[in-house]
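*Asks:* Below, each chain spelled out in residue letters.
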Amino acid sequence: MIEIDNLVKHYGDQKAVNGISFTVNDDEVLGFLGPNGAGKSTTMNIITGYLSSTSGSVKVNGHDILEEPEMAKEHIGYLPELPPLYMDMTVLEYLNFVCDLKKVKKSERKEQLAKILAMVKIVDVADRLIGNLSKGYKQRVGIAQALVGNPDILILDEPTVGLDPNQVLEIRKLIRTLAKDHTVIISSHILSEIQAVCDRVVIINKGKVAAIDTISDLSKRLSGSSKLLLSFKGDAKKVGNSVRSIPGVTDFKLRISDKEVHEAEVIVDSSTNNDIRTSIFFAMSKLAAPILEFRSLDPTLEEIFLSITSGK
Amino acid sequence: MAKSDNSSKEFKDKRQGVLKLYSVGTSVILVVILIVFNILFESILGKYMSFDFSLSGYNSLQQKTIDYLNSLPEGTNIRIVGLFEKPDSYTGTPNQYIIPLMDSYVKEGKGKISVEYVDPKTYPSIMSQLDPQGVFDLKSDTYVVSDGKKAVSIDPIDCFTYDMDYYNRTGYYMPIANTVEYTFDNAIYRLTSGISHKAYFVTGLRNDNSNHIKKIIGSMGFDTADIQASTSFTVPDDCDILFINGPQTDIPENMITPIKDYLFVRNGKLMISVDYSENNFSEVFTNLNNILENYNIAVSNLLVRENNPNYMLSEDGLASNVTVAGDFAAYTSAKVLRSSMARSIKEVNNPSSSIVTSVVLTTSADATAIDLNSQDSSTGLPATYNVGMFGTFKDNPESSKVLVFGTMSLTSDDYISSFGYNDSNVEFTRGCIRSLVGLSSDNVLQVESKSIDDYKINAEKATSTNATIMTVIFMLVIPFGLVIVAVIVYKLRKNL
Amino acid sequence: MLAIFKREFLSYFRNPVGYIAIALFSFLSGYIFINNFASGAVNLSLEIASLRSFFVVIVPIITMGLLAEDRKRGTEILYYTTPIDLFSVVAGKFLAALLLYGIMFINVFVHMIVTKICGGVVGVGAWGSVVVFFFLAALFISIGIFASAITDSQIISAITAFIIILVIQLLSTIGKLLGNAISAFLSILGVSAESASSFGDKLESAINWLDPFAKTSNFRYGIFSVAPLFFCVSFTIIFLFLSFRILEKKRWAQ
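Chains as they are written, first to last, in numbering that gives the first Met the number 0: chain F, 0 to 311; chain Z, 0 to 495; chain E, 0 to 253.
Check each hint, because a few of them may be wrong.
Cβ pair distances, simulated, as ranges [stated by the list, open to error]:
| no. | chain 1 | residue 1 | chain 2 | residue 2 | range |
| --- | --- | --- | --- | --- | --- |
| 1 | E | Lys175 | Z | Glu84 | 33 to 39 Å |
| 2 | Z | Asp146 | E | Val190 | 26 to 32 Å |
| 3 | E | Leu98 | Z | Ile38 | 30 to 36 Å |
| 4 | Z | Asp157 | E | Val56 | 32 to 38 Å |
| 5 | Z | Ser276 | E | Val190 | 49 to 55 Å |
| 6 | F | Ile266 | Z | Val17 | 52 to 58 Å |
| 7 | Z | Ile38 | F | Asp25 | 54 to 60 Å |
| 8 | E | Leu9 | F | Ala113 | 19 to 25 Å |
| 9 | Z | Val30 | E | Leu165 | 21 to 27 Å |
| 10 | Z | Val35 | E | Lys175 | 21 to 27 Å |
| 11 | Z | Thr121 | E | Ala252 | 54 to 60 Å |
| 12 | Z | Val30 | E | Ala192 | 34 to 40 Å |
In silico PhoX-like links for lysine-lysine, alpha-carbon gap of 25 Å or less [stated by the list, open to error]:
| no. | chain 1 | residue 1 | chain 2 | residue 2 |
| --- | --- | --- | --- | --- |
| 13 | Z | Lys106 | Z | Lys63 |
| 14 | Z | Lys493 | F | Lys120 |
| 15 | F | Lys134 | Z | Lys493 |
| 16 | F | Lys58 | E | Lys249 |
| 17 | F | Lys207 | E | Lys249 |
| 18 | F | Lys207 | Z | Lys13 |
| 19 | F | Lys172 | F | Lys114 |
| 20 | Z | Lys345 | Z | Lys334 |
| 21 | F | Lys105 | E | Lys5 |
| 22 | E | Lys249 | F | Lys14 |
| 23 | Z | Lys493 | E | Lys5 |
| 24 | Z | Lys13 | E | Lys71 |
| 25 | F | Lys134 | E | Lys71 |
FYI, nobody ran anything at the bench for these hints, they're computed from the structure. On a predicted model such as this, the values are computed, not experimentally measured, just so you know. Beta carbons are placed, not taken as given, at the ideal position from N, Cα and C, and that holds for glycine.
With the rest of the complex left out, here is chain F:
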């Protein structure tokens, strides 16, 4: 359990973190969502004891990170944004070193490392030089490093950034496995990433908490309105009127209007249960306006913040 209370961190005059409070419950997977520069990494660095906060407190399983740092750190496995890997060591040498740092008992070490290697699937690269591994493997070694010492809390800062889609899926799978018996905090600037693995999400922007919610509640809130992108040929005005008249459609905004090809944003009140896309399709075909592209638009983080704040 991590209790974060009114955390503030200044860099000079800049407030990187400005009064963040939330609690992470045991065995929960918490997503930490925010655009780049929102203060995610700073907050995580403070939680793990790397940086000290300007004010506020962090308690890890009841131990204050400033007052009892060693007790608190024992419970945390941390994967920073840049995994702290020594490129000149082999995976096994490196993990043994981390065992030394985290004071893992000699007797438990072999068993624990074998378990971790199997869990993050790096058994076959255990004797290779870290510097020679692919990015995905390096990230796994980073996670393995965080797992050393059996911490009950894992803090992963942007664990999938820079990986190719396959690797992203693999890592997500791994995180889901880990989530079974760990409290996990994952930071990301991508909503889908968080949705994929988290129970609850904390959204921060400009150093402040914008929202704390469960994923399902958040989805509901976000799904209050959704957007579709419609690109078509034909008479834009007619199409607009026709689409607007479909029940459930709240707005139709022409974004680009060429001589022939038009692109429009269709705002849909998705509380209606029927799939609006079918109605739009038929409406368009009635007007003989061919659809060139038709897909739903993912909300940007900014829009999420907007919708969240306006939702309040």
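Dock chains Z and E against the given chain F, drawing on the hints supplied.
*Replies:* Below, chains Z and E without anything else, positioned relative to chain F:
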């Protein structure tokens, strides 16, 4: 909102400020405490927490000196005056080794020796008090040893021998031996012993300097003086031994008669050291040989090259070990002595039943000799060459004696300053002089100079073969082996 | 501390740098020894004294990466986020570098054995020099670590260490020059010659007081004193402590 911002700002200042203050504060406190503690420790306990484990005891007098001081008659009053203000701190200066030892002199002298420090700038009268006639050459910043009548001046710089090789390489003086006790003992001995031998050094032959050999024989109770080689050359009446040390030119012809007169009529003693240098390789020493041939000895102009690797000290064989022959072996504890750029000393075919000529130093049987003057400088057949010979007349132990060395490794400043006063070459020189003059070794105060240690290695092992083997091991095998290991490790790990 | 020590020490041998440093030291010490040997007299304390002048090169090589590299590669975060205290990080790295120096020094021990076999003397002066060598090595390594703590660039760290060590080696010369310069400057300003030169002398002796070489010069003769060693240890601790504080600064600095 604005209010809460303000309060958080105040809070920020507090925590960061406390951490900063703590961090900087503890650092400053630690630095200050340690420096203060160091200063206190050094000034209060430093003296007591220093342990003299040196073999010779740098700051303590040797037993020989203590015995000697005890043997001085009651009522002896030796006054040692440092002609400067006693400095508060003398670490890193020659006085570092002198001032503590002076305290030992006072302690062990038991009233016979007093030590004081008087700055002649403040008390100009001290000079005339110590040296009313102005004959002892006293200078400020030196020491004076005085018995009230005579005085001996000692410059701190002269109380050490220096590594000349290091000096030549770096330009810095690296003292290798401390002769403070040696120098002061001898000064006291000179004032109190009453023994006075006189040694004359012939100068003006573009000689090697003789400062160290003078100090050495000074310690044997000799007063030393120079006589200029000139047309009006005479050997003074009080001469007990005459040195021609490292001549670069032959002696003038009109010195032959006075020297012969000194040797044959007055049973004089002559010691010559002459090696093969770039300045004298063409010199044939006709006039010198004119004298020496009376002892069936001649200085040749052949450069000796040692070819036996067990004797060689340098790659070219020009520095080598030489064996001490016959009775002369008793003068040194070493079986072999060092020599370099040696000139061959020959027996001439002028035997006489009244002459005894003996070999003193020889090379191995594999040595060759080179004559750089002849066109054909190829080496001759290997043979044994002599680099030291002795000649005297039969039947009369008091008769004249001549000792000729073809090497400067026994008497030159260069050698002695590099190897120190306790070196076996120097020991041998001392023995030779003693035997020439007929001094028994009992009546000499021989205090060891405190060389850091005697660094000589066994000359039989210090051969060029061994040096080559070690060059290969220490400078090739080990370093390059390591570099190869480095490359292997790098390659192996790179591909892991 | 042991964990850091182990990693850093082994790291010297996982990379060429450790081997190269030892090879360099072997070559230099071998050169000095053989020069001595060929002349027929081996003065080991002189050899060791000469070797001290290579601190200026070897220390930066082995200390430049110790903290700078961690900072640059982000691996330092391990020290902050695991239950290990930062001083033991500094101390562990310090000990690793010191042990590497110890391994280099095996060369000199071999020279000692050879000297002994060849009938030479390994006197108390040589042992005094060995003692001094290690205390000075500790001092200079702590300076190297300090230089490595203040930057994330190995090059800057090496240059900083090089300059500090060089200045210390030239301290007595600098003291003399500075003393003379100050007294000359003061007498230009119209201070009486006597007080000007006495101030210059005082400055000179103050600077000389900091010179670890002058302080320890007596050990070469076998005179062991505690104060100079205490001096070296004190400054070693000071530099290690400062390095520790610099690491810790990251936590609270803005």
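*Asks:* Now tell me if each hint is right for this structure.
*Replies:* Verification of the hints:
no.	hint	in the structure
1	E:Lys175 with Z:Glu84: 33 to 39 Å	violated (20 Å)
2	Z:Asp146 with E:Val190: 26 to 32 Å	violated (45 Å)
3	E:Leu98 with Z:Ile38: 30 to 36 Å	holds (32 Å)
4	Z:Asp157 with E:Val56: 32 to 38 Å	holds (37 Å)
5	Z:Ser276 with E:Val190: 49 to 55 Å	holds (54 Å)
6	F:Ile266 with Z:Val17: 52 to 58 Å	holds (53 Å)
7	Z:Ile38 with F:Asp25: 54 to 60 Å	holds (58 Å)
8	E:Leu9 with F:Ala113: 19 to 25 Å	holds (22 Å)
9	Z:Val30 with E:Leu165: 21 to 27 Å	holds (22 Å)
10	Z:Val35 with E:Lys175: 21 to 27 Å	holds (26 Å)
11	Z:Thr121 with E:Ala252: 54 to 60 Å	holds (58 Å)
12	Z:Val30 with E:Ala192: 34 to 40 Å	holds (35 Å)
13	Z:Lys106 with Z:Lys63	holds (15 Å)
14	Z:Lys493 with F:Lys120	holds (23 Å)
15	F:Lys134 with Z:Lys493	holds (17 Å)
16	F:Lys58 with E:Lys249	holds (21 Å)
17	F:Lys207 with E:Lys249	holds (23 Å)
18	F:Lys207 with Z:Lys13	holds (22 Å)
19	F:Lys172 with F:Lys114	holds (17 Å)
20	Z:Lys345 with Z:Lys334	holds (22 Å)
21	F:Lys105 with E:Lys5	holds (15 Å)
22	E:Lys249 with F:Lys14	holds (17 Å)
23	Z:Lys493 with E:Lys5	holds (21 Å)
24	Z:Lys13 with E:Lys71	violated (30 Å)
25	F:Lys134 with E:Lys71	holds (19 Å)
Violated hints, in rising order: 1, 2 and 24; the structure is consistent with all others.
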